[in-house]
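Put chain B on the given structure of chain A with help from the hints.
Chains as they are written, first to last, in our numbering: chain A, 5 to 293; chain B, 704 to 994.
No lab work stands behind these hints, which were simulated from the structure alone. Since this is a predicted model, take the numbers as computed values, not measurements. Positions of the beta carbon are idealized from the N, C-alpha and C atoms, including for glycine. Do not rely on the hints blindly, as some may be mistaken.
[Unchecked claim] Derived DEER-like restraints, expressed as beta-carbon distance ranges:
hint : chain 1 : residue 1 : chain 2 : residue 2 : range
1    : B       : G982      : A       : D116      : 31 to 37 angstroms
2    : A       : D116      : B       : R794      : 28 to 34 angstroms
3    : A       : D99       : B       : V978      : 29 to 35 angstroms
4    : A       : A48       : B       : R794      : 48 to 54 angstroms
5    : B       : D877      : A       : S119      : 27 to 33 angstroms
[What the hints assert, rightly or not] So these bits of chain B aren't anywhere near chain A, every CB distance computed over 10 angstroms:
hint : residue
6    : G827
7    : W933
8    : G981
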Amino acid sequence: MNLDHFGMDTITLAGPLEGKLRAVGEAGFTQVMLNANDIAGHPAGAQAAIATVRKSGLRVTGFQVLRDFEGLSGHLHAYKVDIAKAMLEMCHALDSRVLLVCSSTSAHATADFDSLKKDLQKIAMLAVPYGIRIAYEALSWGRHVTEYPQAWDIVAEADRANLGLAIDSFHALATGTGAERLDEIVADRIFLVQLADFMWQEIRSREERINTARHFRVFPGEGVHSAEVAGLVRSLDRMGYRGDYSFEVFNDDYTQLPPPVVAARARRSVKWLTDQVSRRSLPLRGARR
Amino acid sequence: MTVKEQLPEPSNPLGIDGIEFIEFATSQPQALGTVLQRMGFAPVARHRSREVMLYRQGPMNLIVNAHPDALPGMSAPEATPELKAIALRVRDAAYAWRHALELGAWEMPTRASAMELNIPGIHGVGDSLVYFVDRYKDFSIYDVDFVSLPGAPRNPPAVAGLHYFGVVQSIYGDRTRDWVDFYRHLFGFSVLPEGQYFGVLPKGTLLESPCHKFYLQLIEPPPGSEEIHWEEALVRIGLGAPDVPAATRALKERGVVFVDRGPVQPSEKGALTQVSLGGVTFELVVSHLKP
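Pulled out of the complex, with its shape left as it was, chain A reads as follows (with noise of 0.2 angstroms):
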């Protein structure tokens, strides 16, 4: 595991796509994971910012995030079916090979586990002409999906070669799943792992899930849930998991600071990661011989 494995977001940065792009490239990173708005956003346009990229020389880790998109019927399903269409438009544009799509949180979304089944054959379908992967992530708050391992159930059912997961460690944390329950999961159906800690123990309400998902997000190996972090990616290793982590760092005070020391502090936690899964590894390795 090395620093190319990496990736920052760009939800993690204040300012112009451009500034975040450069900031993440001089910190040493060869990949990053956008986000719609800093395309649908540009000042100059969609196409400046897709240029934008493609200029930067980063790979595109993903493209995120379709939101509440399962579980709908009639027109609110007809309706989200067209935004996932313009993302997907959007992520084949970027030449980003994964979309991330979150569990819902619709109230009008249904807990029929055929229904949701049915939706994601139906994006995974949708993906298949672009080339696009979709990673289904379970949202602590999601409306019926909160845990990885129902994700894990509804991805492995529809049986999609294009359909697989995406794990974030902050939800896992936030709902307290721990990563023995990985072994329930094919390693190479996990499209993506986001990567991120908090500054305390316990979330015991959706709100305070909520609250501390958007503003209070650190990098792994600055929050309190070091081990579980470290554990999580570990356990991802062994199983073979050999794809992208991401930062996913949502933090109010990381958007007041300048972008390159942010990326530093990015930089220092791939560090520390590596380090946690190579110590542990190692004794192992020699207590085999």
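Structure of chain B alone, referenced to chain A:
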């Protein structure tokens, strides 16, 4: 005593019943027409208002679309003709189209259609389309849009029993399972067991149509081919022949040149024509199909 195995028939939800036509888009319709005529296709009708021609050979309809709308990115006069569409015969075209969209197919842009008749279609690989046609038994879709060429035979016979056998599609690496999902779940294709191939190009993944009337072959780039230009597209038509050597002889007499070296040289199993117009080839395959 033998017990007859009760294998379930793979389902055919759209009532697919073979290929109605295959469409090329090209900026050089005359040159492509010459290639097609050597292969045994005869021009039979011209579109009423667009630069579109209908060629026919036995049971095969082939459309050459040179209308500017069909040629994005092909403005260069020497651009290679591209396979732009496969039209599937189905039980109910409107139903097939709705069913496909319900499962996550993309609606095709109407301006790209060769026909003025409303033929529903969806996006296929690359820039290609898949049409659904249900009027093929007692009514011809071509009667609406096309005018017969004076003096041309309406139903020119096939050279040596040639018929559509399938279409070859190139795909990017590690994309086989994605495209298998696409054809399996949208149309009901099934994957043939590994190692079961026809013809002289035994590679990739073969998919059989739910009507058992034609095949699709998915080809990932060969290993070590990082340098070659490779994109996802329909790349070649496979023509079935009951007797390949006889078909090869008949086509050679018409001026078709076959690749005559290496593993793809003409044999009982199949043959491959040399590349024309920068990228057009046909593959002959010994065929058990009854068109």
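Evaluated hints:
no.	hint	verdict
1	G982/B - D116/A: 31 to 37 angstroms	49 angstroms, violated
2	D116/A - R794/B: 28 to 34 angstroms	30 angstroms, holds
3	D99/A - V978/B: 29 to 35 angstroms	30 angstroms, holds
4	A48/A - R794/B: 48 to 54 angstroms	50 angstroms, holds
5	D877/B - S119/A: 27 to 33 angstroms	30 angstroms, holds
6	G827	7 angstroms, violated
7	W933	13 angstroms, holds
8	G981	25 angstroms, holds
In this structure, the hints that do not hold are numbers 1, 6, in rising order.
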